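These protein sequences, in sequence, are chains A and B.
Taking full-length UniProt numbering, the leading residue of the first sequence gets 1, the next gets one more, and so forth.
Taking full-length UniProt numbering, the leading residue of the second sequence gets 1, the next gets one more, and so forth.
These are computed hints drawn from the structure, not numbers from a lab.
One or more of the hints may lead you astray.
Heads up, the list lumps identical chains together, so a pair's fine if it works in one copy or across two of them.
Claimed, not checked - Derived SDA-like pairs (lysine to any residue); straight-line CA-CA distance at most 25 Å:
no.: 1; residue 1: 111; residue 2: 49
no.: 2; residue 1: 102; residue 2: 151
no.: 3; residue 1: 111; residue 2: 62
no.: 4; residue 1: 102; residue 2: 158
What you are looking at is a predicted structure, and each value in this text was computed from that prediction instead of being measured.
Number of protein chains: 2
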Amino acid sequence: MRDAFHEDLDKISDSLVEMTRLVGSAMSRATTALLDSDLGLAEGVIENDVQIDAIRDDIDEMAVQLIAQQQPVATDLRIVVTALHMASSLERMGDLAEHVAKVARLRYPHKAVPPQANATIVEMAQIAERLVAQAGSIIAAKDVDGAEALHADDDEMDRLHRDMFVLLVDEGWEGGTESAIDVTLLARYFERFADHAVSVARQVAYLVTGEWEHKRRVGAPA
Amino acid sequence: MRDAFHEDLDKISDSLVEMTRLVGSAMSRATTALLDSDLGLAEGVIENDVQIDAIRDDIDEMAVQLIAQQQPVATDLRIVVTALHMASSLERMGDLAEHVAKVARLRYPHKAVPPQANATIVEMAQIAERLVAQAGSIIAAKDVDGAEALHADDDEMDRLHRDMFVLLVDEGWEGGTESAIDVTLLARYFERFADHAVSVARQVAYLVTGEWEHKRRVGAPA
Numbered sequence: 001m002r003d004a005f006h007e008d009l010d011k012i013s014d015s016l017v018e019m020t021r022l023v024g025s026a027m028s029r030a031t032t033a034l035l036d037s038d039l040g041l042a043e044g045v046i047e048n049d050v051q052i053d054a055i056r057d058d059i060d061e062m063a064v065q066l067i068a069q070q071q072p073v074a075t076d077l078r079i080v081v082t083a084l085h086m087a088s089s090l091e092r093m094g095d096l097a098e099h100v101a102k103v104a105r106l107r108y109p110h111k112a113v114p115p116q117a118n119a120t121i122v123e124m125a126q127i128a129e130r131l132v133a134q135a136g137s138i139i140a141a142k143d144v145d146g147a148e149a150l151h152a153d154d155d156e157m158d159r160l161h162r163d164m165f166v167l168l169v170d171e172g173w174e175g176g177t178e179s180a181i182d183v184t185l186l187a188r189y190f191e192r193f194a195d196h197a198v199s200v201a202r203q204v205a206y207l208v209t210g211e212w213e214h215k216r217r218v219g220a221p222a
Numbered sequence: 001m002r003d004a005f006h007e008d009l010d011k012i013s014d015s016l017v018e019m020t021r022l023v024g025s026a027m028s029r030a031t032t033a034l035l036d037s038d039l040g041l042a043e044g045v046i047e048n049d050v051q052i053d054a055i056r057d058d059i060d061e062m063a064v065q066l067i068a069q070q071q072p073v074a075t076d077l078r079i080v081v082t083a084l085h086m087a088s089s090l091e092r093m094g095d096l097a098e099h100v101a102k103v104a105r106l107r108y109p110h111k112a113v114p115p116q117a118n119a120t121i122v123e124m125a126q127i128a129e130r131l132v133a134q135a136g137s138i139i140a141a142k143d144v145d146g147a148e149a150l151h152a153d154d155d156e157m158d159r160l161h162r163d164m165f166v167l168l169v170d171e172g173w174e175g176g177t178e179s180a181i182d183v184t185l186l187a188r189y190f191e192r193f194a195d196h197a198v199s200v201a202r203q204v205a206y207l208v209t210g211e212w213e214h215k216r217r218v219g220a221p222a
């Protein structure tokens, strides 16, 4: 039978999984809004970001209640602090999806992404969504080693990010400077979203084990 | 006489002030490295970011020890959670200074910022450094209303950010696409650094009062 601490921790964990689902959906819709120049969809993503922020606030409050009621000792306390950091990262991922939607809205009815860059943006978005879905599964399954499997996608994202800059400065770039600026920022949003997803997945290891030292090796994305 | 909880909290607060000092110094040196194309200075900023990350880890650990030893009740617990969020924001500000330094290193021995954009970058850097210095003073003085005074600088940063984009897409832009990309990202780094500084300063209000509701109105930068 689970003790009260772990039952409360499971509720926080469920909320983290819910956040991964919501930020994944937000990024998916933001990308569609971007590529199809769909104003309504973009505005929906922007408006719904408050829901993601609200869950993060709920997790803060659940953590405070858990600590006050269960008075966990050192290792368990570190686990709760880790959960707070994960919620922070997920909230920022929601903000990044909102930023993508805002670029779509800014350029509507035009398309922010020129045809030349479409394929790379699509690939970046697919990897970003896959990474956050995997992070959600890893949290739900308490899969301590699951983050190792994300390396390939993370490396691929970094490669796409570099490819995009090569494309932007190539003399064959047809989008002009304004599009180059938009695409520069969009590529950064997807890349950072992926970094945060990997960071969240890696933190599951010490969410489960409470091994604080693990964290110092992992680091957090900028 | 201060009780043990507030004595421990003061130590965390001192570390937060130290972080503001370090990230302000990092951004100042990164900007000099950028504008003077000073490779050694840029590499120093990049190498020293681990010190900022280490203080953030120390604050996490101090918070865990404080909670375990003092077992603070609801409002006091919320204060500790707020301190953790502030440390997170400050660590990210350190990362942003590191990003500026990395652009300087990438373009060395050339200058990443073309002469046309120099003045705006200098202004953005000055505001960023002023905001983080003020955030430090506000934490040190427990100045609940101090963040109000940051509005003018924050608005000015947003104006400079918009001005920069106008400059970049102007047909008189002499820097080419590569420089436009560099300057786009640099402008975003300064603007986000400033946003985080304002967010940190605003959190002092509920660091001091423990009024959780205040936070929901304030929000966090993306």
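To see whether the hints hold, each was checked on the structure:
no. : hint      : in the structure
1   : 111 - 49  : within (22 Å within a copy, 38 Å between copies)
2   : 102 - 151 : between (29 Å within a copy, 23 Å between copies)
3   : 111 - 62  : neither (42 Å within a copy, 49 Å between copies)
4   : 102 - 158 : both (23 Å within a copy, 16 Å between copies)
Of the numbered hints listed earlier, the single one contradicted by the structure is hint 3.
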